[in-house]
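Make a model of the complete structure from these sequences and hints.
Read off the chains here:
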Amino acid sequence: MREASPSAGTTGGDVLTLTAAGLYCPAGGFHIDPVRPVERALVTHGHADHARPGNGAVMASRETLDIMAIRYGEDFAGARQEAVPGEAVRIGDVSVSFHPAGHVLGSMQVKIETARGARVVVSGDYKRQPDPTCAPFEPLDCEVFVTEATFGLPVFRHPPVAEEIGKLLKSLSLFQGRTHLVGAYSLGKAQRVIAELRAAGYERTIYLHGALERLCSYYRAQGIALGSLEPVGQRAKELAGEIVLCPPGQLADRWARRFGDPVTAVASGWVRVRARARQRGAELPLVISDHADWDGLRETVAETGAGEIWVTHGAEEALVHWCRQQGLAARPLNLIGYGDEGDAAEPAGRVEAAETTAGIGSTT
Amino acid sequence: MQRFAALLDRLSFEPRRSAKLALMTDYFRSESDPARGLALAALTGGLSFRHAKPAMLRALVAERVDPHLFELSYDFVGDLSETIALIWPAAGGGEIAPPDLPEVVQRLQQAGRSEAPGMIAEWLDALDETGRWALLKLVTGGLRVGVSARLAKTAVAALGPLQADDIEQVWHGMSPPYDGLFAWALGEGEPPQTDDPVPFRPAMLAHPLEPRDMEVLDTADFAAEWKWDGIRVQAAVSAGRDGRLCRRLYSRTGDDISGAFPDLVETLDFDAALDGELLVVIDGKVQSFNALQQRLNRKTVSAKMMRELPAAIRAYDLLALGGEDLRERPFRERRAMLEQFLRQLDHPRIDLSPLVPSPDWDALAKAREAPADHHEGEDAAAIEGLMLKRWDAPYVPGRPKGQWYKWKRDPFRVDAVLMYAQRGHGKRSSYYSDYTFGVWRESGEGAELVPVGKAYFGFTDEELLEIDRFVRQNTINRFGPVREVRHEPQVGLVIEVAFEGLNRSTRHKSGVAMRFPRVARLRWDKPPAEADRIEALLALLPQDEAAAIR
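So the protein sequences, as listed, match chains S and Y. Quick note on numbering: numbering that gives the first Met the number 0 labels position 149 of the first sequence as 148, and the sequence is numbered without any gaps. Quick note on numbering: numbering that gives the first Met the number 0 labels position 87 of the second sequence as 86, and the sequence is numbered without any gaps.
These aren't lab readings, by the way, just hints derived from the structure by calculation. Among the hints, a few may not be true.
To be verified - What follows is a set of in silico ranges between Cβ atoms, one per label pair, in the way DEER data are often shown:
no., chain 1, residue 1, chain 2, residue 2, range
1, S, D13, Y, K508, 49 to 59 Å
2, Y, Q1, S, A87, 28 to 38 Å
3, Y, I548, S, L168, 28 to 38 Å
As the list claims (entries may be wrong) - Covered, in the sense of this in silico footprint (three residues per stretch, anywhere, with C-beta under 8 Å from a C-beta of chain S), are these stretches of chain Y:
no., region
4, 76 to 86
5, 115 to 125
Even for Gly, the Cβ is constructed at its ideal location relative to N, Cα and C.
See below:
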């Protein structure tokens, strides 16, 4: 955290402050998405940069609690409390409610209302595009809106997902003899890509890297239709012409060699910028993002009616600049520890483990 | 425009040469004239627009986007055309039809300075993001989609039975949009008629001499000559229809490099086409390749450079004389005509590459080992081996079998230590396949490794796997796609690096740059402490250059 706590005396500063662990609500005695273990945490969603193990008590949506248990084990926190969407709960001197953020399954915004009726909304990560795998973002009226700004530059305008899925299907018909390897983050992106492929009429089995299997099973158990999925397992060249999903880090690693000469696609908002796409090894960039784009951020800020905007992480400077031009009080929080679209924040231990297992026999 | 944009978009993400070729060939097959000809011109660097400059584009976008937001975005994206393409606000109001490629090229080339900005803005409004990116790349030049002019011509040839060299032969007599070229390439038309008096004649190339060749070939059937360490060129001079003399200097691949060598080109007064080696010659002495390199890849050249690094041609062959094409004639005849031609010409900057007596393989082997004993003067340092040309061979474009052989001098070799490894591209993207290696140098604190070069080929697939494994198991630092590996006196990987020569370099910390370095062997048996020292390399430089580095 580079900047000191937002000054007191404003509505926002009365409700939230910054500690070494992140955003803190003194009146409620809780942190939101703390980056280090705290006594009481409210967690917006299951991505590893927002949901970390080792807190005393965690309050989150049922799905987020499930996902944390899947990723970190049942003992991920001392105690857990399920937040029912839309239901206000008293914590300390404030009232707290969770509302869908449209980011991934179970993702929520946190709304805090003080005794004096001031409302602060912490968005967590969110998007405004439709997503068949999670509840849509719910616009909330508030005085202070704490927003992310991962894609907070006017060069980021996400195209409709169907267009990007169309590119993948077209490539599949052009290069029928090549496996199409799609790098997609294991929580949210992978399931969304699968669901959108199904929506586009793609009915063949989709093959999964080991690191994606458990969360895909969980999504299905929650009633989200993903069609026929199978682990890659020991298959290799026989997957020519098929779609295989893996975590982005696996695209250019030894595991991918088994497919011979695959077409490598990357599903991420970053690949809209060519240099970033090439850096990520994308021959087929699919601009599919679970974050709000520039238009989505501005639209949301305006919809909340908030007069005070805090920007947590991402391209803070540009969004703050824009807010001030609109006459809104805006400040960057420069929070450290929140990743780019989760890609960098894949739980390291598990990916390494998956790589090691998959690596056996793959060097031939 | 949109189809061209889609092509550029795909090319920019495609690392594979074969796939790039397929993409271009498909485009040329399905696109019509003149759009495909203009696309070819764009891909080969043959289009330029005077009034489309970065400053003008920045001014255009400044009228539409908050300047601070633009600067933040430009910082992030890093490429002006791409930033503008991404940030350009969608045009409100009715649908405007996007322009096609011929319209863009024609209107912009005819536009005056004041009209160009409005024209470009209108097109940017009508195009989608990929279209805008392609338009801006097109009008500012420099597509940077990883396609060389040669590759684009190869893609045209692949439309039908032609070879890239067939395209080269007519190339310089044509101009965009290359009327008739595609019909010919598709086998649907006659070769384009050009009245170019000085066409490029695709070069004849040699195969490396293999040991088994020596068992079956008779040296009496071959002329032997030195292979000079310059660049292979073709000097074509002839009068055009209007009677004016046309002079052109071509590289081996058919690029017109006349602009970089006006000192030489302007002195060419004859009617002939010569095949030879371009060299820098001072006081009759051939200079190092390093000297020549300073004159390459320039569009213009300063008077000082021409004075200090004068260019000359050492002639190998005569391809045309007085309007007659000699290429069908056997080398024996062409050589005799070349000798006579040069005697009569008596040109101060053109001389004859001498033949090397070749009674038997032993004599040739000795000449190759020690050119200084067989050739007068210090020029022997500029000899990189021998060429063997069949006396009765016609001059055939490309690399025909059994006609010409090159027998290069053994490469230099150095034992160096692997210091950094970087991931490759395309098929090699999961392997650490680009290696930076160093040799020992004394410093105040004892011996240290100093990087002297990079190599990314020369190894077998099996060796690649072994090095890749070594890199992963011995990484001490990561910098993005680059890994630093252990390189200590007793722990590390010694690579025997082969290379063709050494130049002095002010850009490298070590002061030297290798030519054509590649991995010759992996020395798993050798501890890094026993790798070579920088002195072993400096010994290869002329004394004054080596002294400057020490």
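We went through each hint and held it up to the structure:
1. Distance hint for D13 (chain S) and K508 (chain Y): a CB-CB separation of about 57 Å, consistent with the stated range 49 to 59 Å.
2. Between Q1 (chain Y) and A87 (chain S), the C-beta spacing of about 52 Å breaks the proposed range 28 to 38 Å.
3. At roughly 58 Å, the beta-carbon separation of I548 (chain Y) and L168 (chain S) lies outside the given 28 to 38 Å, and the hint is violated.
4. Given as covered by chain S, the region 76 to 86 of chain Y passes the check, having 7 residues with a CB less than 8 Å from a CB of that chain where 3 are the minimum.
5. Against chain S, the region 115 to 125 of chain Y contributes 0 residues with a C-beta closer than 8 Å to a partner C-beta. That does not satisfy the three-residue criterion, and the hint is violated.
Going through the hint list in order, the structure does not satisfy hints 2, 3 and 5.
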